[in-house]
Amino acid sequence: MSLTAADLSLAVDHLASKLEELEPVLNSADSRLGDGDTGTMLARMGRGLADVDLESTDDLGAAFMLLTKATLASTGSSLGTLIGTAFMTFAKTTKGKSEIEWSEVFAMVDDAVVAMSARGKSAVGDKTILDSLNAIARSTESATDRDEFVTQARSGAQTALDELRDQPCQIGRARMYKEQSIGMDDPGMLAIALILK
Amino acid sequence: MSLTAADLSLAVDHLASKLEELEPVLNSADSRLGDGDTGTMLARMGRGLADVDLESTDDLGAAFMLLTKATLASTGSSLGTLIGTAFMTFAKTTKGKSEIEWSEVFAMVDDAVVAMSARGKSAVGDKTILDSLNAIARSTESATDRDEFVTQARSGAQTALDELRDQPCQIGRARMYKEQSIGMDDPGMLAIALILK
Amino acid sequence: MKKLINAPENYVTEMLEGLVACHPSLTICGDSQRVVRRSAENTPGKVGIVSGGGSGHLPLFTGYVGQGFIDACAIGNVFEGPAIDSCVDAINAADSGQGVLLLFGNYGGDRMNFEMASELVAMDDIVTATVLGNDDVASASPEEASKRRGVAGLIYAYKIAGAKAEQLATLEEVARVAQKAVDATRSIGIALAPCRLPSSTEPNFQIHDNEMEMGMGIHGEPGLWRSELKSADETVAEMLNLILADLPLAAGDRVSVLLNGLGATPLEELFILFRRANQLLADRGVEVVAPIVGNMATSMEMAGASLSILKLDDELEALLTAPGVCPFWRVG
Amino acid sequence: MKKLINAPENYVTEMLEGLVACHPSLTICGDSQRVVRRSAENTPGKVGIVSGGGSGHLPLFTGYVGQGFIDACAIGNVFEGPAIDSCVDAINAADSGQGVLLLFGNYGGDRMNFEMASELVAMDDIVTATVLGNDDVASASPEEASKRRGVAGLIYAYKIAGAKAEQLATLEEVARVAQKAVDATRSIGIALAPCRLPSSTEPNFQIHDNEMEMGMGIHGEPGLWRSELKSADETVAEMLNLILADLPLAAGDRVSVLLNGLGATPLEELFILFRRANQLLADRGVEVVAPIVGNMATSMEMAGASLSILKLDDELEALLTAPGVCPFWRVG
Ligand SMILES: Nc1ncnc2c1ncn2[C@@H]1O[C@H](COP(=O)(O)OP(=O)(O)O)[C@@H](O)[C@H]1O
Ligand SMILES: Nc1ncnc2c1ncn2[C@@H]1O[C@H](COP(=O)(O)OP(=O)(O)O)[C@@H](O)[C@H]1O
Ligand SMILES: [Mg+2]
Ligand SMILES: [Mg+2]
Ligand SMILES: [Mg+2]
Ligand SMILES: [Mg+2]
Numbered sequence: 002m003s004l005t006a007a008d009l010s011l012a013v014d015h016l017a018s019k020l021e022e023l024e025p026v027l028n029s030a031d032s033r034l035g036d037g038d039t040g041t042m043l044a045r046m047g048r049g050l051a052d053v054d055l056e057s058t059d060d061l062g063a064a065f066m067l068l069t070k071a072t073l074a075s076t077g078s079s080l081g082t083l084i085g086t087a088f089m090t091f092a093k094t095t096k097g098k099s100e101i102e103w104s105e106v107f108a109m110v111d112d113a114v115v116a117m118s119a120r121g122k123s124a125v126g127d128k129t130i131l132d133s134l135n136a137i138a139r140s141t142e143s144a145t146d147r148d149e150f151v152t153q154a155r156s157g158a159q160t161a162l163d164e165l166r167d168q169p170c171q172i173g174r175a176r177m178y179k180e181q182s183i184g185m186d187d188p189g190m191l192a193i194a195l196i197l198k
Numbered sequence: 002m003s004l005t006a007a008d009l010s011l012a013v014d015h016l017a018s019k020l021e022e023l024e025p026v027l028n029s030a031d032s033r034l035g036d037g038d039t040g041t042m043l044a045r046m047g048r049g050l051a052d053v054d055l056e057s058t059d060d061l062g063a064a065f066m067l068l069t070k071a072t073l074a075s076t077g078s079s080l081g082t083l084i085g086t087a088f089m090t091f092a093k094t095t096k097g098k099s100e101i102e103w104s105e106v107f108a109m110v111d112d113a114v115v116a117m118s119a120r121g122k123s124a125v126g127d128k129t130i131l132d133s134l135n136a137i138a139r140s141t142e143s144a145t146d147r148d149e150f151v152t153q154a155r156s157g158a159q160t161a162l163d164e165l166r167d168q169p170c171q172i173g174r175a176r177m178y179k180e181q182s183i184g185m186d187d188p189g190m191l192a193i194a195l196i197l198k
Numbered sequence: 345m346k347k348l349i350n351a352p353e354n355y356v357t358e359m360l361e362g363l364v365a366c367h368p369s370l371t372i373c374g375d376s377q378r379v380v381r382r383s384a385e386n387t388p389g390k391v392g393i394v395s396g397g398g399s400g401h402l403p404l405f406t407g408y409v410g411q412g413f414i415d416a417c418a419i420g421n422v423f424e425g426p427a428i429d430s431c432v433d434a435i436n437a438a439d440s441g442q443g444v445l446l447l448f449g450n451y452g453g454d455r456m457n458f459e460m461a462s463e464l465v466a467m468d469d470i471v472t473a474t475v476l477g478n479d480d481v482a483s484a485s486p487e488e489a490s491k492r493r494g495v496a497g498l499i500y501a502y503k504i505a506g507a508k509a510e511q512l513a514t515l516e517e518v519a520r521v522a523q524k525a526v527d528a529t530r531s532i533g534i535a536l537a538p539c540r541l542p543s544s545t546e547p548n549f550q551i552h553d554n555e556m557e558m559g560m561g562i563h564g565e566p567g568l569w570r571s572e573l574k575s576a577d578e579t580v581a582e583m584l585n586l587i588l589a590d591l592p593l594a595a596g597d598r599v600s601v602l603l604n605g606l607g608a609t610p611l612e613e614l615f616i617l618f619r620r621a622n623q624l625l626a627d628r629g630v631e632v633v634a635p636i637v638g639n640m641a642t643s644m645e646m647a648g649a650s651l652s653i654l655k656l657d658d659e660l661e662a663l664l665t666a667p668g669v670c671p672f673w674r675v676g
Numbered sequence: 345m346k347k348l349i350n351a352p353e354n355y356v357t358e359m360l361e362g363l364v365a366c367h368p369s370l371t372i373c374g375d376s377q378r379v380v381r382r383s384a385e386n387t388p389g390k391v392g393i394v395s396g397g398g399s400g401h402l403p404l405f406t407g408y409v410g411q412g413f414i415d416a417c418a419i420g421n422v423f424e425g426p427a428i429d430s431c432v433d434a435i436n437a438a439d440s441g442q443g444v445l446l447l448f449g450n451y452g453g454d455r456m457n458f459e460m461a462s463e464l465v466a467m468d469d470i471v472t473a474t475v476l477g478n479d480d481v482a483s484a485s486p487e488e489a490s491k492r493r494g495v496a497g498l499i500y501a502y503k504i505a506g507a508k509a510e511q512l513a514t515l516e517e518v519a520r521v522a523q524k525a526v527d528a529t530r531s532i533g534i535a536l537a538p539c540r541l542p543s544s545t546e547p548n549f550q551i552h553d554n555e556m557e558m559g560m561g562i563h564g565e566p567g568l569w570r571s572e573l574k575s576a577d578e579t580v581a582e583m584l585n586l587i588l589a590d591l592p593l594a595a596g597d598r599v600s601v602l603l604n605g606l607g608a609t610p611l612e613e614l615f616i617l618f619r620r621a622n623q624l625l626a627d628r629g630v631e632v633v634a635p636i637v638g639n640m641a642t643s644m645e646m647a648g649a650s651l652s653i654l655k656l657d658d659e660l661e662a663l664l665t666a667p668g669v670c671p672f673w674r675v676g
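Respectively, the protein sequence lines represent chains A, B, C and D.
Those letters in the first sequence? Residues 2 to 198, per my numbering, in order.
Those letters in the second sequence? Residues 2 to 198, per my numbering, in order.
Those letters in the third sequence? Residues 345 to 676, per my numbering, in order.
Those letters in the fourth sequence? Residues 345 to 676, per my numbering, in order.
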């Protein structure tokens, strides 16, 4: 089974509507240790993505490039730029292709994690969105179609969230409150887990 | 019976301790239509008056001049300056005298009202401290000793307060809220009534 | 309404000490130590300009002591007029023998004290003239315009009188342009949240979470009306209408606009308000010259803003745009 | 926490419109319309200086665009870094062929976006250098000083780099003095009350009536400790000690002091705080040069203040006191 522009379109619609709904929850998660804007920023990004006309192309690379641009135009926050970096990696891998196998997606996620880690000067284990994506990559290695992928990704994201909750944050200002951050979800990780719910 | 520097000294002590006690009540009366500082200002003035060394002179005029200076140094508010103006009038009348008859005091108060009215560009009937002093002058015309004077002054101040309560304010910003000011005590008038209580 | 202060009774003294420590162009003087004057020596032949008022309104009043602005300022306690002694000291500090203009807001205590001070200095042959700022259209009806209070618009009179005095004009002339500036200025304020006197434990007024008050006084005195909180654009349109009802403007007129913050309203919001005021004036063909947006006359941490408009003619515009420098306003 | 605004999504755009309408020395540019540049043409031969950051901190960042300060500024949404496009547009606006210094606060989004932007403009042969403001001693331990956030102290780097660029120094030299200024600057903030994002209905943090928080971040991120509200003198002494632990000062040293308001704290209180900081430094024999007291870097209507100290040497002092003019700071 392969992932096509149509799947992408569906995913983007789901993402945008989820993000709209999650705005207050994610803001309040961010406000505990950060500046309280994760939800608003992601909702705005979601609206930017929903406005992208994905019908215009079959080329997955071109589609991901449109999503990259929409993401990076909608915000300048850390999280937004990292998500844009992920889309850009996907765009490079899928350039010129109209479909890719679901079984290849986990490797694309791995590539994104590498690019994001370089951009964010952060690593898996720092209790960020990178941990969620890394866990998703690990849990979806055996997925062969969309349903399998989504189910496995959901459990990966939830496992990462549960496992890192009691670790201290290592990134951004939250780093200063290692004690306080123990027991709290990273807002970026929470976002990924809830989107997949 | 006559009023001496010793009476003045007692009166000032009473005034200062009353004003300390009335600070919150008078602030809140002022905050309804003014800027909420009548109580604090009067308490500060009271402390300034209490610091005056009235023992140093028998001359009532000199004593009132000391009180004038203390008043005018302690504040620049309308009410303070008007009270200072009253003390200055008393100082002029009593200059060189070590006592005056209680039966003459009402006429001194009348003089003060004239001077304050000129300074304040306001008139009896405007619902200000002038109305209290005018009522006190009227009610104490027959007083011949301190006790009579105080009792009659108390009832005069209270009558003025009761009579003007349902009149609109004509002075200061409160003038703009004629409707709103109906039913509310003028803070300066309230101060005089409560000091005499 | 928390305050970063020490003992309330030292509020004014400590604030003045910090002010002059930061701004060496200012010096505290007078027996009362409640006067701020220019550190520079008085210019011989120049009319002096003195202002004064209660504390709690910085940069007003004393922040406008400077070359081409006012020469000395008498400083009262929070929201109280300056005491007579300070008024006398300020007049003495500003006098160079050409007379002194007393230019301050129309408040009872301030007026009485400056009046008494001018009687006292007259005995020392110092000539004074008085001009009262009364720009607040909310504080009295047009029929009683002379009873209006002075608010932020007073700084236009400082600038214009100050520039005239720099030309070594006579006291009469300096007073004339000051009065002309006052007559051409109107202001209206809007309050969203109170402030608290340093000596008090309670805010100076109460207002609901969803309300605003149009025309509220700078000490928290009640305004013209309360309504639910409106948008910035609606609010500024109402404010402008209240001013225009009193100061009609026609296409081709030139004005300066002061969009002033009362203390706690962010500069971002002041610019959003100014943007709309500017658009509305442009729509009427009115040209805005030398606008000012910022916290120029405050009520400590009160939230809200005021709009002031100065209608210009050639003389006023030349004086407004003439060089001048004080700690909080600089031209040229 | 009421706001005088229109639709939250127009907050930044309308604020910028008001800003440039009031200050003709500034112009909005770029496809994104999220860049403010000097209206004057670029000086040939001059290194460009670009900054950027989230909105909600006026006068920071864009209020410091001016001669002898920064040349262009990329503007993000409230408390978000500027988008990459804006960073690219700002660099293009500031470039005169001598290279561009990217001088901004050390925040994740800002850093990543300027990094990507500098990679993009490199393709057009624009050379950039980057210096990150990281003055907030509360945001990381001394061992991790390079991870510290940039707060109000960044404006010292603007002034110093801007003055150097005016001398037509090379990019390397401009970057060197900017880095030197950053290395010599430390800040610490204290918060008393929160602000609210325009898009939100809740304040961005909660704090009790009787509490203050030492070292809180400019977006409301938790600080070093909370305690009950202390006096101004005690508070400023603690702030100064936190800075001195990181930037030791000896008798004879010269420093500049910035006593900055976070938005809703009155100027009166800032002067009371400054007075004490100044006394404490004088007690140590440290001389204060060119101090600044005011709202120079805010968090909308947050209540509180920050103290920044720049330790001077002859080079830094000469650049700090060299002429320069932008809408919110003027020297000479
Ligand atoms: N350097 C980084 N590396 C990886 N993830 C990061 C990094 N910085 C932030 N994040 C992620 O972004 C989330 C915060 O996003 P957001 O609130 O938009 O950022 P900001 O700090 O700019 O307000 C964090 O929860 C974390 O998962
Ligand atoms: N012009 C005036 N004439 C007579 N009484 C006045 C005048 N102005 C004020 N008062 C009196 O002073 C009181 C207000 O005092 P205060 O609060 O100290 O003045 P301020 O308005 O300066 O804050 C009023 O209640 C009124 O009785
Ligand atoms: Mg955030
Ligand atoms: Mg009062
Ligand atoms: Mg008062
Ligand atoms: Mg943010």
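Treat the hints as calculated values from the structure; they're not laboratory data.
Note that the structure is a prediction, hence the values are computed from the model and not measured.
Cβ atoms here follow ideal geometry from the backbone N, Cα and C, with glycine treated the same way.
A portion of the hints provided could be inaccurate.
Capping the alpha-carbon separation at 27 Å, the derived lysine-lysine pairs in BS3-like fashion look like this [unchecked claim]:
1) D:K524 to D:K346
2) C:K346 to D:K346
3) C:K574 to D:K491
4) C:K524 to C:K390
5) A:K96 to A:K179
6) A:K70 to A:K19
7) A:K98 to A:K70
8) D:K346 to D:K491
9) C:K491 to C:K524
10) A:K179 to D:K491
11) B:K179 to B:K96
12) A:K122 to D:K574
13) B:K19 to B:K70
14) B:K98 to B:K70
15) B:K70 to B:K122
16) B:K98 to B:K122
17) A:K96 to A:K70
18) C:K346 to C:K491
19) B:K122 to C:K655
20) B:K122 to C:K346
21) B:K179 to C:K346
22) A:K122 to D:K390
23) D:K574 to C:K346
24) A:K179 to A:K70
25) A:K98 to A:K122
The following residues of chain D were derived to be distant from chain C, with all beta-carbon distances above 10 Å [said to hold, decoys possible]:
26) L360
27) T371
28) Q411
29) D527
30) A576
31) D577
32) A594
33) I636
Okay, the hints, checked on the actual structure:
1. Distance hint between K524 (chain D) and K346 (chain D) is unfulfilled; the C-alpha atoms sit about 41 Å from each other, more than 27 Å.
2. Annotation: proposed proximity of K346 (chain C) to K346 (chain D) holds, straight-line Cα distance about 17 Å (limit 27 Å).
3. Distance check on the hinted pair: K574 (chain C) and K491 (chain D) sit about 42 Å apart at the alpha-carbon level, beyond 27 Å; violated.
4. Of the pairs offered as hints, the one joining K524 (chain C) and K390 (chain C) holds, with about 20 Å between alpha carbons and a cut-off of 27 Å not exceeded.
5. Proposed proximity of K96 (chain A) and K179 (chain A) is contradicted: the alpha carbons are some 41 Å apart, above 27 Å.
6. This hinted pair checks out: K70 (chain A) and K19 (chain A) have alpha carbons roughly 21 Å apart, not beyond 27 Å.
7. Distance restraint check for K98 (chain A) and K70 (chain A): the Cα-Cα separation of roughly 19 Å lies within the 27 Å cut-off, and the hinted pair is therefore satisfied.
8. A C-alpha spacing of about 34 Å is found between K346 (chain D) and K491 (chain D), which places the hinted pair above 27 Å, so the restraint is violated.
9. A hinted pair counts as satisfied when its Cα atoms are at most 27 Å apart, and K491 (chain C) with K524 (chain C) qualifies at roughly 17 Å.
10. Only pairs whose Cα atoms come within 27 Å are accepted, and K179 (chain A) paired with K491 (chain D) is accepted, the gap being roughly 15 Å.
11. Taking the CA atoms of K179 (chain B) and K96 (chain B), the gap is about 41 Å. The hint is violated against a cut of 27 Å.
12. Among the hinted pairs, K122 (chain A) with K574 (chain D) is inconsistent with the structure: their alpha-carbon atoms are about 39 Å apart, more than 27 Å.
13. Between K19 (chain B) and K70 (chain B) the CA atoms are separated by roughly 21 Å; this keeps the pair inside 27 Å, and the hint holds.
14. A distance of roughly 19 Å separates the Cα atoms of K98 (chain B) and K70 (chain B); the hinted pair therefore holds under the 27 Å criterion.
15. Restraint check for K70 (chain B) and K122 (chain B): the C-alpha separation of about 22 Å stays at or below 27 Å, so the hint holds.
16. Of the supplied pair hints, the one linking K98 (chain B) and K122 (chain B) is violated, its CA atoms being roughly 31 Å apart against a limit of 27 Å.
17. For the hint linking K96 (chain A) to K70 (chain A), the alpha-carbon distance of about 15 Å falls within 27 Å, and the restraint holds.
18. For the given pair, K346 (chain C) sits about 34 Å from K491 (chain C) by alpha-carbon distance, which is inconsistent with the 27 Å threshold.
19. Of the pairs offered as hints, the one joining K122 (chain B) and K655 (chain C) is violated, with about 30 Å between alpha carbons and a cut-off of 27 Å exceeded.
20. For the suggested pair K122 (chain B) and K346 (chain C), the alpha carbons sit about 38 Å apart, so the restraint of at most 27 Å is broken.
21. Proximity of K179 (chain B) to K346 (chain C) is assessed by CA-CA distance (about 34 Å); at most 27 Å being required, the pair is judged violated.
22. Between the alpha carbons of K122 (chain A) and K390 (chain D) the distance comes to roughly 32 Å, so the proposed pair goes past 27 Å and is violated.
23. For the suggested pair K574 (chain D) and K346 (chain C), the alpha carbons sit about 10 Å apart, so the restraint of at most 27 Å is met.
24. Between K179 (chain A) and K70 (chain A) the alpha-carbon distance is near 34 Å, which puts this suggested pair outside the 27 Å criterion.
25. Simply put, K98 (chain A) and K122 (chain A) have alpha-carbon atoms about 31 Å apart, too far for the 27 Å limit, and the pair is violated.
26. At roughly 8 Å from the closest C-beta of chain C, the C-beta of L360 (chain D) falls inside 10 Å, breaking its exclusion from the interface.
27. Even its closest Cβ contact with chain C, about 15 Å, leaves T371 (chain D) beyond 10 Å, as expected for a residue assigned away from the interface.
28. Separation of Q411 (chain D) from chain C is adequate, the least Cβ-Cβ distance of about 15 Å exceeding the 10 Å criterion.
29. Taking the minimum C-beta to C-beta distance to chain C, about 25 Å, the non-interface status of D527 (chain D) holds against the 10 Å cut.
30. Look at A576 (chain D): its CB is around 5 Å from the nearest CB on chain C, not clear of 10 Å, so calling it non-interface is violated.
31. With a least beta-carbon separation of about 5 Å from chain C, D577 (chain D) fails to lie farther than 10 Å from that chain, contradicting its non-interface assignment.
32. No Cβ of chain C comes within 10 Å of the Cβ of A594 (chain D); the nearest lies about 21 Å off, and the non-interface call holds.
33. The non-interface label for I636 (chain D) is inconsistent with chain C: the shortest C-beta to C-beta separation is roughly 8 Å, within 10 Å.
Of the numbered hints stated above, those contradicted by the structure are hints 1, 3, 5, 8, 11, 12, 16, 18, 19, 20, 21, 22, 24, 25, 26, 30, 31 and 33, listed in ascending order.
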